[in-house]
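*Asks:* Chain residues, written in single-letter form:
Protein chains: 2
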Amino acid sequence: MTTAPMFSKVALIGFGLIGGSIARGARMQGLAGEIVATARSAATRARVAELGVVDRVVETNAEAVKDADLVILCIPVGACGEAAQEIAHNLKPGAIVSDVGSVKAAVVRAMAEHLPSTVHFVPAHPVAGTENSGPDSGFAELFINRWCILTPPDGTDADATEKLAAFWRGLGANVEIMTPEHHDLVLAVTSHLPHLIAYTIVGTAEELEGVTRSEVLKFSAGGFRDFTRIAASDPTMWRDVFLNNKDAVLEMLGEFQEDLSKLTRAIRRGDGEGLFEHFSRTRTIRRGILDIGQDEAAPDFGRKQPQLAKKAAE
Amino acid sequence: MTTAPMFSKVALIGFGLIGGSIARGARMQGLAGEIVATARSAATRARVAELGVVDRVVETNAEAVKDADLVILCIPVGACGEAAQEIAHNLKPGAIVSDVGSVKAAVVRAMAEHLPSTVHFVPAHPVAGTENSGPDSGFAELFINRWCILTPPDGTDADATEKLAAFWRGLGANVEIMTPEHHDLVLAVTSHLPHLIAYTIVGTAEELEGVTRSEVLKFSAGGFRDFTRIAASDPTMWRDVFLNNKDAVLEMLGEFQEDLSKLTRAIRRGDGEGLFEHFSRTRTIRRGILDIGQDEAAPDFGRKQPQLAKKAAE
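Chains as they are written, first to last, in our numbering: chain C, 1 to 314; chain W, 1 to 314.
Because the hints were derived from the structure by calculation, they are not lab data.
Treat the hints loosely; a few may be bogus.
For lysine-lysine, the following DSSO-like pairs were computed, each having C-alpha atoms within a straight-line distance of at most 30 Å [unchecked claim]:
1) K246(C) with K262(W)
2) K304(W) with K304(C)
3) K163(W) with K66(W)
4) K92(W) with K66(W)
5) K92(C) with K163(C)
6) K262(C) with K262(W)
7) K262(W) with K246(W)
8) K92(W) with K163(W)
9) K262(C) with K246(W)
10) K92(C) with K66(C)
11) K163(C) with K66(C)
12) K246(C) with K262(C)
If we strip away everything but chain C, and leave its shape as in the complex, we get (with noise of 0.2 Å):
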């Protein structure tokens, strides 16, 4: 028996990390007929068509979308007003258009301003990652048991809602819907935050003076190595980010100064009590993420350890 595909038409504009890795899942979950993808440049379409793990590869993104069910935006947040604009008058009637961008209300308003009435906007998020960016860093697997929100605006179609939800439960991802505001608030803590102390103190570290960027390097794994990872990010993506969420990451950076600044006091002042209560009460918040599933609970992430060759026998 033959079951047929999620949608007969999959288009992907952008092929990097997360539209490399939509396609390579939904081609191996069978989600897609046919699964057409475009790219900006013409070194990564070339590239795609060369990896073969989409059926076609077209060159702009109005020729992208036509007879699309389904139009995954798969760029920069920056970028997706513009592309909403190119793909407006190719799209058909009764489409799922979609994105898969770190910022929602921003991109929302950008995108909504130019789809017609005929197709059903369901903003994604899925809030999964690794450093890596290109056509090559995509892999199938980058969805299982990560959250993918969708932030369908008031008057959505249910049915359509529903089904770009289950192309990505079909993806292995678990879905949760919020509103963009609530979503932009929330990523702004759990994820641009985090990326900005990271990209700053990668930064302090290589401007300093008494200490060599090669000691830095070489020390890096007391903890510093961890951070280098995060700042190691997409910049294009990561500079959109901060332009485009602008206000709740400002929010975030508030609250966070404000408890760099009594930590701070704590240690200028020598109080051990307080610093040992606060590095007690950050241990849970661990425990409480290994415990639904969202990390590696092996030590230090699971990093690969060398092996000591055993002593000869004597």
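Since chain C is already given, all that's left is putting chain W on it; use the hints.
*Replies:* Okay, now just chain W, sitting in the frame of chain C:
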């Protein structure tokens, strides 16, 4: 042919992650004729005996060091002065006395005043660890390809320093020698500041209004979860680090604050170019760390990735 072990008797005072890893590594590599361990709590001592990874467990620090050729304090830096006092009169002349503290200047001062001139005091800091602690958390491979920093005071016997260096190389580590003051500055940026920042941001996320704890946990894969690992480190150890390396940590915090203000201003003003330039620069630091083998090149630290079941054959 039997090779004599490097040290006839090694005494480990304290048996957490580091002490337990030294014991396991030294035994596997045959670096010690006998390993004697002790710990402050009776429960830990009982567990160490049960684990069977050392030759003997004794009740007091003074008893542990009798006849030992190498004594290593593997306890929080705040406890090292008192422990040095406790063992001073039982140390064998010619013995090497060392520690593993993450802070050096303050610890060296606290220990040196108690140690007799008949022993060789060679302070050490293996820059390695995981977020776990306690007698079960150690493993023989912890130090492989990591750096162990020795900070011998002026006038230390060169043979003693070399003998301790050889011991650490036997555990798989690379050895570097520097002054305690320089160590404390380098580690303030590669280890202490990152821990303080992680402890801060995890605390911030826990206390927010408008975002629930459950949301923070669920959507932590956006970057936040990386910080929770570090913020799950041993509270006693880290309290002591900040109390004992106050000046260098406050200096690094000042640098960090300046850089954070600069990035905050760029966000507030919508300076995309400035953000992009900064985010591109930090990427190269990550590459430097991978190039010298101080982190896992696999995406996401090589975290285990669950598999998608292949769609059933049609």
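*Asks:* I'd like to know which numbered hints this structure contradicts. Please list them from smallest to largest.
*Replies:* none
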